[in-house]
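Visitor: Sequence:
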Amino acid sequence: MSRLTDKFLNVASGNTYMRLVRYLRPYLGRLFAAIACMTLSSIMAVLPPWLLKNIVDDVLIRKDLFMLNFLALGIVLIYLCKAVFSYGQTYLMNWVGQKVIMDIRVQLYDHMQKMSFRYLYKSRIGDLISRITNDVMILQNLVTNVIIDLVVQSITFVAVIIFLLILNWRLAVITFVVLPITAYVLNVASKKLRVVGYEIQEELGRVVAIAQEALSAIRIVRSFATEDEELDKFKGQNKSNFRALMHGMQIHAFLEGAVEVILIGALALILWIGGRDVVAGRATPGELIAFIGYLGLLVQPVRVLSKVVSGVQRGLAAADRIFEVLNVSTEVRPPRSPAVLKDVKGMIDFEDIYFAYEDENWILRGINLHICPGEKVAIVGHTGAGKSTLVDLIPRFYDPNRGYVRIDGHDVR
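The opening position of the sequence shown corresponds to residue 2 in my numbering, with each subsequent residue numbered one higher.
No wet-lab data here; the hints were simulated from the structure. No experiment lies behind these values; they were computed from the predicted model shown. The beta carbon of each residue, even a glycine, is placed where N, CA and C say it ideally should be. Be careful, since some hints might not be right.
[To be verified] Simulated DEER-style distance windows between Cβ atoms: (1) Pro27 - Met138: 16 to 26 Å; (2) Ile76 - Lys115: 34 to 44 Å; (3) Gly385 - Arg220: 19 to 29 Å; (4) Gly282 - Leu74: 43 to 53 Å; (5) Leu74 - Arg244: 48 to 58 Å; (6) Asp104 - Ile380: 23 to 33 Å; (7) Asn328 - Met138: 49 to 59 Å; (8) Ile126 - Leu246: 43 to 53 Å; (9) Leu66 - Ala269: 50 to 60 Å; (10) Asn369 - Met103: 42 to 52 Å; (11) Leu69 - Arg244: 53 to 63 Å; (12) Asn16 - Met250: 45 to 55 Å.
[To be verified] The list that follows gives simulated cross-link-like pairs (lysine to aspartate or glutamate, DMTMM-like), each with its CA atoms no further than 20 Å apart: (13) Lys115 - Asp344; (14) Lys236 - Glu214; (15) Lys240 - Glu230; (16) Lys83 - Asp128; (17) Lys388 - Asp353; (18) Lys377 - Asp360; (19) Lys240 - Glu257.
Taking the hints into account, I'd like the entire structure generated from these sequences.
Guide: As structure tokens, this is what we get:
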């Protein structure tokens, strides 16, 4: 686990956020429109408890029928506006999110096609496929649903705090004492969730890789009757994936339960103190009911934000795995001004070729070979001697570490 954590911390650098933000730049107009809808929707959501205060104090106690009609109409209008803004935020944010994910998926696929054979042969194809499917899906959840929850609930949280201060600053202070405790629990859990999220994606990638390798070599598996061995290997990896998933769910469940217990305890204390204020005449019944109503609204943002922490960390872990692939440089790069061979004769020259898959572990060393057009050449050697590698240098599947490959006198690079 420590090795995985060290690897993860090396990959998960601070530029992950900025790299994701860069994908949003082409769609800033719709993004700002979505944020505006989120803001207005959040404001509409926090107004009803204030109206409830007036209903209790002005209608039920003072018997003001005009205020009753006004407040009843106001509630309908508020929720009508909220519905319109909620539609706008959902549609616009999903439009932006899907566009961003489409761009990342296309870039990732394009990059994988251009990656060197050297890297692809050392990697598990199933794991790469997992990054373009599973990791992208998790990142899609981050840039759509998670961001909506983050913005909406953050605005709701701030608005509720303002209303609490207006209603009763003494009771609000008690609420503020609880918030740092909740923030501490969220901070501790978020660090663990990020590492666990990376581990979950790694294990899932291995599951896909094992299945892909076995199915792609199904003739060999059946020829040697190793179905049971492959099944045991698949079962073992599935168990590892299950353990990683349950570890993440355990942390998430603890986080959600701990936050709820802290908030409910604070609510009970506030109800006891606020009730004494109403009995003593220091507050009206409507103020206490509205305050409790806002505390009810405060529970939702904190609970959702605890889920957002999990979603953000899993999304960032998925982004790290995606960027890990995009960070792999393409060894074979096309020239800026490629030469066009109009009349290819077919003369091939290998001049002092050196090639190694790993540093200084030479597969080919000092190869010089001249092949005339139409000439047939047999390349003989034991397995791993470099026969296929030598041929792969002609279409530039690889570039030699030293030397030149020429076709009709032109360097293939």
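Visitor: Looking only at beta-carbon atoms, does the pair Ile126, Leu246 fall within the given range of 43 to 53 Å?
Guide: violated (23 Å)
Visitor: Are the Cα positions of Lys240 and Glu257 separated by 20 Å at most?
Guide: violated (25 Å)
Visitor: Tell me if the beta carbons of Leu74 and Arg244 are separated by a distance inside 48 to 58 Å.
Guide: holds (56 Å)
Visitor: Between Asn369 and Met103, does the beta-carbon spacing fit 42 to 52 Å?
Guide: Taking Cβ atoms as reference, Asn369 and Met103 lie about 49 Å apart, which means the hint holds.
Visitor: Taking the CB of Asn328 and the CB of Met138, does the distance hold inside 49 to 59 Å?
Guide: For Asn328 and Met138 the Cβ distance comes to about 21 Å; the hint is violated.
Visitor: Lying within 34 to 44 Å: is that true of the beta-carbon distance Ile76 to Lys115?
Guide: For Ile76 and Lys115 the Cβ distance comes to about 58 Å; the hint is violated.
Visitor: Lys240 and Glu230 were given as a pair; does the straight-line alpha-carbon distance stay at or below 20 Å?
Guide: holds (15 Å)
Visitor: So does Asp104 sit 23 to 33 Å from Ile380, Cβ to Cβ?
Guide: violated (44 Å)
Visitor: Given the hinted pair Lys83 and Asp128, is their alpha-carbon gap at most 20 Å?
Guide: violated (43 Å)
Visitor: Look at the Cβ atoms of Leu66 and Ala269 and judge whether their distance stays inside 50 to 60 Å.
Guide: Violated, since Leu66 and Ala269 (Cβ atoms, about 36 Å apart) do not stay within the stated range.
Visitor: Does the Cβ distance between Gly282 and Leu74 fall inside 43 to 53 Å?
Guide: violated (32 Å)
Visitor: For the pair we were handed, Lys115 and Asp344, check the Cα-Cα distance against 20 Å.
Guide: Given that 20 Å is the threshold and the Cα spacing comes to 27 Å, the pair is violated.
This entry does not satisfy hints 2, 4, 6, 7, 8, 9, 12, 13, 16, 18 and 19, going by the numbered hints stated previously.
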